[in-house]
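*Asks:* Spelled out, the chains give:
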Amino acid sequence: MLSTRRHNSGSITLVGRVLLLGVLTICQTANVLADGPGGPQNVPDVTTMSLEDLMNLQVTSVSKRTQKVADAAAAIFVITQDDIRRIGATSIPDALRIVPGLEVAQIDENKWAIGSRGFNGRFDDKLLVLIDGRSVYTPLFSGVYWNVQDVMLEDVDRIEVIRGPGATLWGANAVDGVINIITKSAKNTQGGLLSAGAGSQEATAESARYGSKIKDNTYYRVYGKYFDWYPSIDSTGTMASDGWHQLRSGFRVDSNVATADSLTVQGDIYQDNFGETLTVPSLTPPTYSSTYPNNNDMSGGDLLGRWNHSFARSSTSLQMYYDHSNLLFPTIFSDHESVYDVDFQHDIHLGETQELVWGLGYRSIQDNNASTFTVAVQPSQSSLNQYSAFVQDTLGFFNSRMQVTVGSKFEHNPFTGFEFEPNVRILGTLTKEQTVWAAVSRAVRTPAITEEGLQLNAGVIPPNVPPLNSPLPVVESIFGSTQFGSEDLIAYEAGYRVQATSSVSLDLATFYNYYTNLRSAEPGTPIVEGGATPSYVVLPFVASNKMRGGSWGVEPFAEWRILPKWKLQGSYSFLQMNIHKDPTSQDPTADLPNGENPRNQWNFRSSLDLPKHIEQDLMLRYVDKLPSLNVPSYYSLDLHIGWNPLPQVRLSFGGNDLLNSQHIEFVPDFINTLPTEVRRTWFGSVAWTF
Amino acid sequence: MRALRPILVIGICLSLALGASAQTLDSSDSSEYLIKAGFIYNFAKLVGWPSGAFSQPDSPIVIGILGTDPFGTIIDRILSDKKIDARRFVIKRLKWGMDLKDCDILFIGSSEASHLEEVLHSLRGTPVLTIGETPGFAKRGCIINLTVEDNKVRFEVNLDAAKQADLNISSRLLALAKIVPQATADAR
Numbered sequence: 001m002l003s004t005r006r007h008n009s010g011s012i013t014l015v016g017r018v019l020l021l022g023v024l025t026i027c028q029t030a031n032v033l034a035d036g037p038g039g040p041q042n043v044p045d046v047t048t049m050s051l052e053d054l055m056n057l058q059v060t061s062v063s064k065r066t067q068k069v070a071d072a073a074a075a076i077f078v079i080t081q082d083d084i085r086r087i088g089a090t091s092i093p094d095a096l097r098i099v100p101g102l103e104v105a106q107i108d109e110n111k112w113a114i115g116s117r118g119f120n121g122r123f124d125d126k127l128l129v130l131i132d133g134r135s136v137y138t139p140l141f142s143g144v145y146w147n148v149q150d151v152m153l154e155d156v157d158r159i160e161v162i163r164g165p166g167a168t169l170w171g172a173n174a175v176d177g178v179i180n181i182i183t184k185s186a187k188n189t190q191g192g193l194l195s196a197g198a199g200s201q202e203a204t205a206e207s208a209r210y211g212s213k214i215k216d217n218t219y220y221r222v223y224g225k226y227f228d229w230y231p232s233i234d235s236t237g238t239m240a241s242d243g244w245h246q247l248r249s250g251f252r253v254d255s256n257v258a259t260a261d262s263l264t265v266q267g268d269i270y271q272d273n274f275g276e277t278l279t280v281p282s283l284t285p286p287t288y289s290s291t292y293p294n295n296n297d298m299s300g301g302d303l304l305g306r307w308n309h310s311f312a313r314s315s316t317s318l319q320m321y322y323d324h325s326n327l328l329f330p331t332i333f334s335d336h337e338s339v340y341d342v343d344f345q346h347d348i349h350l351g352e353t354q355e356l357v358w359g360l361g362y363r364s365i366q367d368n369n370a371s372t373f374t375v376a377v378q379p380s381q382s383s384l385n386q387y388s389a390f391v392q393d394t395l396g397f398f399n400s401r402m403q404v405t406v407g408s409k410f411e412h413n414p415f416t417g418f419e420f421e422p423n424v425r426i427l428g429t430l431t432k433e434q435t436v437w438a439a440v441s442r443a444v445r446t447p448a449i450t451e452e453g454l455q456l457n458a459g460v461i462p463p464n465v466p467p468l469n470s471p472l473p474v475v476e477s478i479f480g481s482t483q484f485g486s487e488d489l490i491a492y493e494a495g496y497r498v499q500a501t502s503s504v505s506l507d508l509a510t511f512y513n514y515y516t517n518l519r520s521a522e523p524g525t526p527i528v529e530g531g532a533t534p535s536y537v538v539l540p541f542v543a544s545n546k547m548r549g550g551s552w553g554v555e556p557f558a559e560w561r562i563l564p565k566w567k568l569q570g571s572y573s574f575l576q577m578n579i580h581k582d583p584t585s586q587d588p589t590a591d592l593p594n595g596e597n598p599r600n601q602w603n604f605r606s607s608l609d610l611p612k613h614i615e616q617d618l619m620l621r622y623v624d625k626l627p628s629l630n631v632p633s634y635y636s637l638d639l640h641i642g643w644n645p646l647p648q649v650r651l652s653f654g655g656n657d658l659l660n661s662q663h664i665e666f667v668p669d670f671i672n673t674l675p676t677e678v679r680r681t682w683f684g685s686v687a688w689t690f
Numbered sequence: 001m002r003a004l005r006p007i008l009v010i011g012i013c014l015s016l017a018l019g020a021s022a023q024t025l026d027s028s029d030s031s032e033y034l035i036k037a038g039f040i041y042n043f044a045k046l047v048g049w050p051s052g053a054f055s056q057p058d059s060p061i062v063i064g065i066l067g068t069d070p071f072g073t074i075i076d077r078i079l080s081d082k083k084i085d086a087r088r089f090v091i092k093r094l095k096w097g098m099d100l101k102d103c104d105i106l107f108i109g110s111s112e113a114s115h116l117e118e119v120l121h122s123l124r125g126t127p128v129l130t131i132g133e134t135p136g137f138a139k140r141g142c143i144i145n146l147t148v149e150d151n152k153v154r155f156e157v158n159l160d161a162a163k164q165a166d167l168n169i170s171s172r173l174l175a176l177a178k179i180v181p182q183a184t185a186d187a188r
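Order-wise, the sequence lines are chains A and B. Numbering (the numbering used here) for the first sequence: 1 to 690. Numbering (the numbering used here) for the second sequence: 1 to 188.
Keep in mind that the hints were calculated from the coordinates and are not lab data. A quick note: this is a predicted structure, and the numbers were derived from the prediction, not measured.
Below, in silico cross-link-like pairs of lysine-lysine (DSSO-like), each with a Cα-Cα straight-line distance of 27 Å or less:
1) K432(A) / K152(B)
2) K581(A) / K625(A)
3) K178(B) / K213(A)
4) K82(B) / K152(B)
5) K184(A) / K152(B)
6) K213(A) / K139(B)
7) K215(A) / K187(A)
8) K215(A) / K139(B)
9) K432(A) / K101(B)
10) K152(B) / K178(B)
11) K45(B) / K139(B)
12) K546(A) / K581(A)
13) K178(B) / K163(B)
14) K101(B) / K82(B)
15) K139(B) / K101(B)
16) K139(B) / K163(B)
17) K92(B) / K139(B)
18) K215(A) / K184(A)
19) K215(A) / K178(B)
20) K187(A) / K178(B)
21) K101(B) / K163(B)
22) K213(A) / K184(A)
23) K45(B) / K101(B)
24) K178(B) / K184(A)
25) K152(B) / K215(A)
26) K45(B) / K163(B)
27) K163(B) / K83(B)
28) K178(B) / K139(B)
29) K152(B) / K187(A)
30) K45(B) / K178(B)
31) K213(A) / K152(B)
32) K152(B) / K612(A)
33) K139(B) / K184(A)
34) K45(B) / K152(B)
35) K92(B) / K432(A)
36) K432(A) / K95(B)
37) K139(B) / K187(A)
38) K92(B) / K163(B)
Let the sequences and hints guide you as you build the complete structure.
*Replies:* Structure, rendered in structure tokens:
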């Protein structure tokens with residue numbers, strides 16, 4: 001916790017010693033009190049409480065998290081509603097920062113690079129993200145537009161993050177992880193909620209939600225929210241152009257239409273405007289590049305329906321959704337995309353110890369885009385169909401102390417045809433408090449529309465510049481290719497969980513990933529453009545699959561409830577990547593272990609409940625340097641306080657990144673957006689429930 | 001890193017100081033199983049057993065925990081020195097296959113979900129208060145099923161099952177319960 005550096009002054013060492021003594025004393029006291037043989041002294045006597053009082057007690061979230069996690073043969077971390085509320089998260093990426101092993105780097109006010117176990121980037125393509133079962137991963141570039149993935153955070157039930165391949169249940173592209181954002185059912189969001197806030201970086205944030213019921217079996221809610229962010233500053237201290245605002249609204253209806261049938265319908269619409277400073281190549285001398293502020297628009301909506309039916313020993317689920325998005329990035333690209341998805345799943349309990357799950361899926365994607373000099377995608381109109389099926393069987397042995405799960409996903413996509421993703425997982429219960437698990441899986445990342453048909457002009461080399469000394473300007477272009485194939489992963493994972501004492505738990509996950517056919521960019525023959533009067537030369541770099549390598553890591557997470565009112569959590573992640581070009585590759589980028597991924601990250605959180613309904617949270621994080629981007633390592637300290645002066649009113653105030661006045665977290669790839677500083681900020685809000 | 005030290009020091013001192021004072025306050029957040037143990041105590045108070053169920057006025061109330069025990073020592077600590085009408089509590093951990101009819105209250109863990117019907121069938125006609133904590137248990141025949149909704153503990157009651165066990169459930173308990181009808185035997 002306290003790092004002692006050699007150059008500490010004497011007084012700090014003394015304070016350090018005093019603090020350590022203080023911590024030890026308190027821990028000793030806590031130990032004696034919490035589990036002493038004389039009985040718990042800091043725990044209510046539930047036998048003197050009436051039933052009505054018992055029904056009003058809040059269950060702490062630790063048991064919810066550990067119960068969900070304990071049965072999984074995967075590296076899963078659950079962000080609870082409590083976590084989201086206590087850290088004062090104002091966006092989904094904010095909440096994701098507490099997950100061990102997940103890399104969350106802010107590029108500018110409205111863009112993030114979020115990845116799991118490597119390959120991070122604004123357009124990270126190996127992390128599948130779902131909101132209530134709907135995939136928000138765009139097939140355009142196989143990634144997520146984080147600026148338009150938003151929900152009313154107060155109505156999030158939990159966010160499940162699985163690091164590692166979730167291929168069998170969620171399919172292709174869940175290569176290094178799956179993030180599943182699950183909102184509360186309408187039944188649990190009854191009544192009204194109004195919230196308003198402002199801060200030093202988030203100018204304003206308002207949200208409103210109202211939920212009610214129709215008869216006794218149908219519940220609904222509607223919501224609307226708006227936020228506006230000031231632009232940040234660039235590394236010279238000049239105000240940048242990355243302001244951002246969004247208006248969003250939606251609804252959800254949950255109905256128990258019959259005893260064994262439940263139906264959910266939900267939908268959202270949004271309108272988002274975000275800015276950035278762009279540098280794009282151009283053919284105009286003398287600079288051959290142009291830097292200017294760009295204002296972009298995104299809008300869209302979705303509609304999802306899900307019907308669950310339960311039989312005596314099995315249940316079925318049928319889900320359909322429609323998602324439409326419009327992108328207008330002036331001078332760069334515009335795109336209209338529609339996704340229509342149908343998924344069916346059947347879950348059967350066979351015998352005493354066997355569970356079989358199987359499913360079928362169909363997805364139709366319509367894409368319509370308009371190109372510019374900088375970004376062009378061919379064809380400009382495409383219609384793609386994907387089919388999938390999966391089956392998974394879980395068997396229990398030795399009185400269910402060992403569970404073996406074998407499964408596979410089968411997919412057919414229009415670019416690479418048939419893909420097969422099997423996996424085997426074993427979960428063993430060593431003792432009531434300890435479980436161990438291991439898994440081997442194959443996962444596949446299928447090509448994106450851009451990888452098949454993109455021409456991205458990344459830069460221009462002016463004429464007469466050594467070493468090329470070309471008479472004409474040379475445009476470096478990245479091309480997709482219809483020959484581009486899927487990227488492959490074989491993952492070996494293992495983990496161990498222990499509930500060491502009633503208040504201490506530890507969760508350890510390790511992995512070794514071997515990747516083949518990773519994307520590389522192979523130089524091609526230069527093409528002279530301009531017809532009869534040559535005006536420029538295109539130097540193509542064509543997407544190919546000539547990289548491979550291994551990566552491995554360790555992700556421990558520990559939780560210690562020192563006192564009923566005070567919980568500490570800590571996590572660490574280590575990642576070592578050895579990705580390199582195939583011998584036949586001529587990709588000019590150097591092989592750099594880890595690349596844009598930090599080798600070490602850790603975070604430490606303290607959550608404290610104070611009298612008069614006050615919650616106080618502290619989070620200290622460290623992110624190692626990003627070697628290939630020259631982004632230095634940084635520490636971040638966030639403090640947050642929440643107070644319920646009345647049951648229906650909550651005041652919340654927090655400060656983020658208190659240790660540094662500013663720092664850069666990432667430098668983006670492909671589209672040259674100016675990264676802006678992540679600054680010390682504060683934010684306060686008031687929420688009223690009725 | 002220079003800025004780190006004073007802020008970190010102050011932050012930790014504050015947290016520790018406040019943490020120390022927190023232990024003397026009444027907790028409004030408690031572990032799930034502490035709360036459920038409190039519910040079981042209250043159920044024992046508000047359920048009436050038929051006259052032959054206890055051999056003597058001070059025979060203990062036997063609570064059996066069937067399957068994987070989620071309580072640990074908490075239920076023993078809570079009930080060890082409590083009495084209801086001069087009856088003490090005795091807590092036993094049981095496995096499927098052992099004699100369950102000895103119990104007055106049987107808590108059935110989620111590990112028994114796949115053979116719940118067999119367990120309940122073996123207790124047919126005996127005055128055992130069956131309690132579960134797994135979704136669907138009340139519908140399948142448990143008399144009381146504990147649930148957690150919105151972070152608070154609630155319970156469902158299957159009145160038909162209570163009648164078959166010849167147990168009388170106080171109206172005070174029923175007023176706070178969610179009444180669940182017995183599911184019919186076959187799949188829909």
